[in-house]
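Protein chains in written order, with our numbering: chain A, 12 to 231; chain B, 23 to 117.
If you're looking for bench data, these hints aren't it; they were derived computationally from the structure. This structure is a prediction, so every number in the text was calculated from the model and none was measured. Here a beta-carbon is modelled for each residue, glycine too, at the ideal position from N, C-alpha and C. Check the hints yourself; a few may be wrong.
Just a few of them, taken from the derived set where beta-carbon distance is under 10 Å, the chain B residues facing chain A [said to hold, decoys possible]:
#, residue
1, L33
2, R50
3, V51
4, A53
5, Q57
6, F60
FRET-style restraints, in silico, Cβ to Cβ [as the list claims (entries may be wrong)]:
#, chain 1, residue 1, chain 2, residue 2, range
7, A, I178, B, P27, 23 to 31 Å
8, A, Q174, B, R71, 50 to 58 Å
9, A, G206, B, L33, 29 to 37 Å
10, A, E141, B, R63, 19 to 27 Å
11, A, G75, B, R71, 20 to 28 Å
Each computed DSSO-like pair below joins lysine-lysine, with the alpha-carbon atoms no more than 27 Å apart [unchecked claim]:
#, chain 1, residue 1, chain 2, residue 2
12, B, K97, B, K115
13, A, K207, B, K26
14, B, K83, B, K115
15, A, K81, B, K68
16, B, K41, A, K81
17, B, K83, B, K68
18, B, K97, B, K83
19, A, K207, A, K160
20, B, K26, B, K37
21, B, K37, A, K84
22, A, K84, B, K41
23, B, K37, A, K81
24, A, K207, A, K162
Below are the chains, spelled out letter by letter.
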Amino acid sequence: MPIVTVASPKGGAGKSTASIILATELAHAGAEVTILDCDPNRSISIWADRGTLPPRINVRSDVGESEIVKTLKQQDADGRVVIVDLEGVASRLVSRAISQADLVLTPMRATTLDATIGVRALALIEEEEEALGRAIRHAVVFTMTRAIKSKQHTAIEKSLRGQGVDIITPPLMERAAFSALFEFGGDLRTMPVQGKMEPAAENASAFAQAVYNRLVGKGL
Amino acid sequence: MSDKPTFSIDLDSLKTRRKDTTPESQGRVDAAGEQHGFVNREPNRKRGRQPSPRVGQVHAKVMPNVADEIADEAKRRGVQQGVIIEEAWVLYKNR
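All chains should be modelled from the sequences, with the hints used to inform the complete structure.
Here it is, written out as structure tokens:
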């Protein structure tokens, strides 16, 4: 059971949106997916309550720092993916969820502030790798990006790549359909038309495929 | 919008990988986290005795001799002091 921990100490970086897009696209492609909603703001639960959960997805809420390791162990099964959505805060819950991850995904808006705070998660991963004596795969995904890349985005990406950080392409673009997931629940296929649906769906699918490739260690 | 997935998932490739969940390793993880400011941020549980769902509480202050007499009587009968107050209240209502 690959565990994908979606972590950044920065709030508003797009963690919950990235978690839902990843979950719904992987489920659509045939995987059983469990999302652990570890954010006290309960963004994932709000999404789950808005509409019918897509097939092959289940959600568990209110998982705290004392239960996270045990809960992840209980979810342990081949052929499924567990996605851990965390609060945008530097907490022990975050460090414990990272310790159990097969892949840590750090969503980051292409701004200096997001990058500066997001990098704290990358530093923690390095430290945990040392503490646990195993490599923890991690990657950054830029979120809410525009069609034309800003200078700031280019500079941050260059700097991260220069430090050997894995950056997922494509980034998650700013799309009305992505934010509407929290209004309608479900997935991109079940919601009423919101802006340009076709490019949004292509973006979501390509992002999920890039994550899947990392989970199975192919096409990198 | 097409409903067909643009990629397929090989379920056999999604394998469980063993993770270290021993208390020792978690201690090391917590220590590493604390070095980077990832500390316990869960709200502390309220200190002190939790309110009982079964009984209520009065906040009566009485003169010391009355307090002593209620305490002595409760001790003699082997009941809580609240039982004496409940009986006194019944007598008051039926006066």
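Evaluated hints:
The interface hint given for B:L33 is met, as the beta carbon of that residue sits about 4 Å from the closest beta carbon of chain A, less than 10 Å. For B:R50, the shortest C-beta to C-beta distance to chain A is roughly 4 Å, which falls under 10 Å, so the interface hint holds. About 4 Å separates the beta-carbon of B:V51 from the nearest beta-carbon of chain A, less than 10 Å, and the hint is met. The interface hint given for B:A53 is met, as the beta carbon of that residue sits about 7 Å from the closest beta carbon of chain A, less than 10 Å.
This hint holds: B:Q57 has a C-beta 6 Å from the nearest C-beta of chain A, less than the 10 Å allowed. Interface restraint check for B:F60: the shortest CB-CB distance to chain A comes to about 4 Å, inside 10 Å, so the restraint holds. The given range of 23 to 31 Å is respected by A:I178 and B:P27, whose C-beta atoms sit roughly 24 Å from each other. The hinted range of 50 to 58 Å is satisfied by A:Q174 and B:R71, whose Cβ atoms lie roughly 53 Å apart.
In this structure the supplied range 29 to 37 Å holds for A:G206 paired with B:L33, their Cβ-Cβ distance being about 33 Å. For the pair A:E141 and B:R63, the supplied restraint of 19 to 27 Å holds, since their beta-carbon distance comes to about 23 Å. Range check, A:G75 to B:R71: about 23 Å between beta-carbon atoms, so the 20 to 28 Å window is met. Distance check on the hinted pair: B:K97 and B:K115 sit about 25 Å apart at the alpha-carbon level, within 27 Å; holds.
Of the supplied pair hints, the one linking A:K207 and B:K26 holds, its CA atoms being roughly 18 Å apart against a limit of 27 Å. Between B:K83 and B:K115 the CA atoms are separated by roughly 20 Å; this keeps the pair inside 27 Å, and the hint holds. Only pairs whose Cα atoms come within 27 Å are accepted, and A:K81 paired with B:K68 is accepted, the gap being roughly 24 Å. Distance check on the hinted pair: B:K41 and A:K81 sit about 11 Å apart at the alpha-carbon level, within 27 Å; holds.
For the hint pairing B:K83 with B:K68, the CA-to-CA distance comes to about 25 Å; that is within 27 Å, so the pair holds. As the CA atoms of B:K97 and B:K83 are separated by approximately 19 Å, the hinted pair is consistent with the 27 Å bound. As the CA atoms of A:K207 and A:K160 are separated by approximately 19 Å, the hinted pair is consistent with the 27 Å bound. Under the criterion of a C-alpha separation no larger than 27 Å, the hint pairing B:K26 with B:K37 is consistent with the structure, at around 25 Å.
Under the criterion of a C-alpha separation no larger than 27 Å, the hint pairing B:K37 with A:K84 is consistent with the structure, at around 14 Å. For the hint linking A:K84 to B:K41, the alpha-carbon distance of about 9 Å falls within 27 Å, and the restraint holds. A distance of roughly 19 Å separates the Cα atoms of B:K37 and A:K81; the hinted pair therefore holds under the 27 Å criterion. As the CA atoms of A:K207 and A:K162 are separated by approximately 25 Å, the hinted pair is consistent with the 27 Å bound.
Hint violations for this structure: none, all hints satisfied.
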